[in-house]
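Chemist: Just so you know, the protein sequences line up as chains B and S, in that order.
My numbering applies: residue 10 is where the first sequence begins, and numbers increase by one.
My numbering applies: residue 118 is where the second sequence begins, and numbers increase by one.
Please keep in mind that the hints were generated in silico from the structure rather than gathered at the bench.
A couple of the hints might just be wrong.
[To be verified] Have a look at the derived ranges for each label pair, beta carbon to beta carbon: (1) B:ASP65 / S:LEU224: 30 to 38 Å; (2) S:ASP247 / B:PHE105: 42 to 50 Å; (3) S:LEU215 / B:ASP65: 41 to 49 Å; (4) S:LEU207 / B:ASP65: 46 to 54 Å; (5) S:ILE168 / B:GLU13: 17 to 25 Å; (6) S:VAL220 / B:LYS109: 17 to 25 Å; (7) S:GLN201 / B:GLN64: 24 to 32 Å.
Here a beta-carbon is modelled for each residue, glycine too, at the ideal position from N, C-alpha and C.
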Amino acid sequence: MQLEYFLIVAAALFCVGIYGLVTSRNVIRVLMSIELMLNAVNINLMAFSNYLDPQDIKGQVFSVFVITIAAAEAAVGLAIVLSIYRNRDTVDMEQFNLLKW
Amino acid sequence: MNLAEGVQIVSFGILSLMVIGAALGVVLLSNIVHSAFLLGMVFASISGLYILLNAGFVAAAQILVYVGAVNILILFGIMLVNKQQDFVPLPNAWLGKLATAAVCGGLFALLSTMVLGTTWAISTEAAAGDGSVVLIGMHLFSDFLLPFELASVLLLIALVGAIILARREFIPDEQPGDPQPEGLKLPERPRDLVAVGSAPPDGDA
């Protein structure tokens, strides 16, 4: 097992997340893509923690923090989605242009 | 992790295939409910990768927080806003998708060449393994104490903010004489209670 394998898997997951973030029309799918990207970063942190710093595992502490932030982000993101859905009656990203010139 | 090298390689291959395949399913499938369940599969497989990386505690936290909380939250969000609407097709949508795919592929190629071209300073010390829970606890209460407290404050703020964002601004007040709106009636609304053992009244078949 090598560090590079995990890093390449994380890079692939991050790129899939970016693709979904840019091309999705549904708001919920955008949130799911953000979760994918956060998980890719977490895999990176854990791989570095295991292979470069196995005795003083600070990478695992960092990923615990990232998991916490991700949970808070998902809750607030879904609340915003619910609020927008109630006002605009749609989940289409292309119609959420309130703040766009 | 004291598994044989071959077992580790094989399980890593299976887990990474599951992660990438399910992530592609999350992004590309048209039914969003399928996407949400595949997202749970992504999270569970990533937890398996963490176990391969000698991190049992974070693997358990991943299952608890992601599969148990975030995925369920997303499923509830889908149920609350699930509007079966066909999005108006944009002109030249394929062009944007193509450009995005090209950018993502380029980013992946860039990251891969960087990862493969770097000489990492691999440590040869033994991994902490099952002692990682103790080490994480020591870190959280010594040198990461301030971020830990800030994370708790952030969770509190997120909790309050989510409630304020998602609640209704007003409750439509109802006149006393109004009939009950149709949406509030339960289909299995209980009938009037009948005393046990008494004969049903006549005419009530």
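Chemist: Work down the list of hints and note, for each, if the structure agrees.
Modeler: Hint check results:
no., hint, verdict
1, B:ASP65 / S:LEU224: 30 to 38 Å, "holds (31 Å)"
2, S:ASP247 / B:PHE105: 42 to 50 Å, "holds (47 Å)"
3, S:LEU215 / B:ASP65: 41 to 49 Å, "holds (45 Å)"
4, S:LEU207 / B:ASP65: 46 to 54 Å, "holds (51 Å)"
5, S:ILE168 / B:GLU13: 17 to 25 Å, "holds (19 Å)"
6, S:VAL220 / B:LYS109: 17 to 25 Å, "holds (21 Å)"
7, S:GLN201 / B:GLN64: 24 to 32 Å, "violated (54 Å)"
This entry does not satisfy hint 7, going by the numbered hints stated previously; all others are met.
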